[in-house]
Amino acid sequence: MSLIFTSLFLLFGGAFLSLILKRKVLLGKSIATLSVVAASLFGLIAVYQVLFLNKSFALTLPWSLPLGSFHIAFDSLSAFFALALFILAPLSSLFCFATIDTKKAYWVNASFNLLIASLFLVFLARDGLLFLMAWELMVLTSFFLVMTEHEKPGIGYEGWVYLIATHISGFALFTLFFLLGSASNSLNFDSFGTTELTLAFVLALIGFGTKAGFIPLHLWLGAEAHPATPSFVSAMMSGIMINTGIYGLLRTLIYLGSPMESWGWTLIVLGAISGIFGILFASTEKDIKRQLAYSSVENIGIILLGIGTSIVGYAKDLPLVATFGLAAALLHVLNHAIYKGLLFLGSGAIYKITQTTNMDKLGGLLKRAPLVGYTFLIGSIAIIALPPFNGFISEFLLFMGALHGTLDSSLLGLLVIGSMAFISGYALLTFTRSFGILFLGEAREKIPNEKCAFGWKIYLPLLLLSTMTLGIGVMGPYIAKRLLNLVATALGFHESAYFSSIQADLKTIILLSLLFSALIGLLVLLRKRALKNRSEEKGLSWDCGYIAPTPRMQYTALSFTEPVRTFYRALLRTKSSWLPSNAIFPTSANFKTSCSDISEEFLFRPLFRFLPHLLGKMRWLQSGSLQLYILYIALTLFLLLIWKM
Amino acid sequence: MIGYLNPLFTLLLSPLLFGIINRTKALFAGRKGPPLLQPYYDLVKLFQKGVVISTTTTPLLKLSPLVAVAVPLIASLLVPFGGLSAPLSFAGDILFIAALLAIIRFFSITAALDTGFSLEGIGASREACFSALAEPTFLIALVALAKRFSSFSLSSIYSFLCFDSLRMAGSIPLILCIAALFIVFLLETSRIPFDDPATHLELTMTHEVMILDHSGVDLGLLQLGSMMKMWLFGSLIVGLFLPLRIGPVILEYIFAFVGMFLLALLVGFIESMMARLRLPKIPELMMAALILATLALIIA
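Residue numbers (the numbering used here), protein chains in the order written: chain A, 1 to 645; chain B, 1 to 300.
I should point out that these hints are in silico values taken from the structure, not numbers from a laboratory.
Heads up, none of these hints are tricks.
Output of the computed footprint for chain B on chain A, the stretches with three or more beta carbons under 8 Å from beta carbons of chain B: (1) 379-391; (2) 396-403; (3) 495-507; (4) 513-524; (5) 528-537; (6) 541-548; (7) 560-573.
Some chain A residues close to chain B (C-beta under 10 Å, calculated; not the full set): (8) Ser283; (9) Gly363; (10) Lys367; (11) Thr406; (12) Gly413; (13) Gly418; (14) Ser419; (15) Ile423; (16) Leu428; (17) Leu429; (18) Phe435; (19) Gly436; (20) Ile437; (21) Leu440; (22) Pro551; (23) Tyr555.
Chain B residues, not near chain A, derived (Cβ > 12 Å throughout): (24) Leu8; (25) Lys32; (26) Ile246; (27) Leu262.
Quick reminder that beta carbons are idealized off the backbone N, C-alpha and C, glycines included.
Could you put together the complete structure from these sequences and hints?
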């Protein structure tokens, strides 16, 4: 327990000190970063104690507010989510030190420290009011961080949309806690329970779903993925904050008792839609950060597929399906935090060199920044779920769970395996595109030739995260077995011998991957030997005899996925405008495509236009006369008095 | 134990498939055609040449041919050949094989984009967009078979299939799977109706244009890789309806080789009869294959 309090104290202290040390920028930045790193270390020790030494913490303190209590606890579920938090937080903080503008450093650092603290509190809180306070702090600090460069156009609108959307979801959460706590008249999580199960589930879906970001509730996307948002903020938001939505959903499911099968199917359908639409939207984006944000939506879809499979398995009394589904979802939460953090930090490094995140202006960056490029490559391979990296392990667990479930019901296999495979296919498309267009080939427009050198503060996070993707992949058999045992015990099933056979299967996969690497090494040697006495010349790329090939003739991000946009035009609704040149010899022409988010266009924009119109009808109340307002106050007091009597 | 010879067969015998296909096409066109062993002669010629590397490229260009050869060798340890089980098999190896194919695709698309000119970009874009629908079809068809026979590894699924299984009751899912997997086979090996391996024009190709900047040894390795991929996919298709399961192992092997020969003849026949589909039609055909596989899963 003292570890947890030390960690929180360090984070709050760091925030406070960095605000005080406004003038001494370097000292303030160093203290903030050190506090985050130290707090994360303490947090990781606490996580290790809970997950590996089977300890658990709980503490209740009274406080001076009329409702609720300071009730926190740290069990395995909280510890697992906190693990992802404390891996990504110090690395993002190092990145923040290296990239943040000095004038704003003091409040960016303070907000960042408070964000980490509030995230930790969200995972710790076991009281409704404490949870909502931590939630609100998380939303506000992330809003401040998003608006760091509020002078840049577009970010203001996106930031406000994010704030409003999250508060709408907060309303759903408030109602949910009210509902769950009304039976026992207390907001303490331990006494949560209700008979209105479906209503509670729907409220949890709306409330936590807006944070998790499955379609159609993915409104935070615009704020997080805006080029003006610092990349380490996007990494934290996409890697950890959406996990709080999943965490909340899982916690609510614990308090709702035995889940119904229909909930599982709802989650599977929602997961399939989020995954498929998410990856299709991602493949049509030309801004790398928006693509990564939509890819987060897709990964949340996969996590929901896992949770849904688990619920269906639990309701149908299929222990293997339930265990594998939940284990896959949890491992995917961790994996996603790591490789999404890696990709966002990589795009932040790119932004530092090129001052843009528009893929159509970039290219050939692998030669300019090889380490950033190769770690981005590893992140892309991990997110496509190729062995032996970590993405493959969680997809393998989900696949096995769904296979077992298919024996019972074809629909489960079809929805889960079908959407998973569909998503993988298009994920391959999207991430080869982004890596290829950003790092390979030639630069499409002249990049501002910033001779900025990257220091260890940028390289270390990228290297550590990419090593972790490979490490978790290679240690996959052991991690999977341990996680399966943990989940089986948590769900109330006994540990099965089948888990050992899964561990053996994963070991075979890892061994085959090692054999593959050895084969590549052998082939490299053979190729070198074959070319020893022969010519290895340099030339230009085959350009079909063009006299003056230019880098602008390369494929762009949008042209690469044009077949996808055409085939799915009913879903994607791309708008294009084309001004052809109509002289005999080509002069100037103009072609523009834009792909707008369908849920924003068809669901939310009409809703947000309708609401002010409806509420405008009440405008007659605001007459502007002070006497009338005093009359309103007197009337309200009078009514309250009557009601109390 | 004899299954460990599978990688050797894949490496040494796969160019013969290309030879049979080219000979068939030539005979249909009224020509005499190249000798059956011509692909071997071409490979030997390529392996004796030097390479020309473009200045725009990075080391990833040189990695792609190596991956194209290494992956089918690993996969041949997992794919059953004819009536014989693969040397290695485990539950869930279906997903691993699909992931191996994705590895080849990833590195070939990356190498194509590495060259920095639009010609290879054409191939990369088409390859990525069209193969995206191949993976779900492949997985769903095999999961349908997994459900039908209640087993989770490729070799154990194939151990239930023999040349009589089409006449058994409940063989409709099997027929649908064969149709779906054959369409995926034609896509993955870049044959008509998805791609025209005979032309070398950038505008009409998918696979051939991605390898334009590879030369000499690299090109030889890439050709060998695509031949091995065809052999592996072919053994998957052949194993669906041809295993003998009555005689000794040597008879199974002979039957399997005959099956591959007939498959190559069939591919040559299709290539001579049809033209490549118009590009917007290709995703529609892949969707049709996906629907066939889905039906197979629902019925199974």
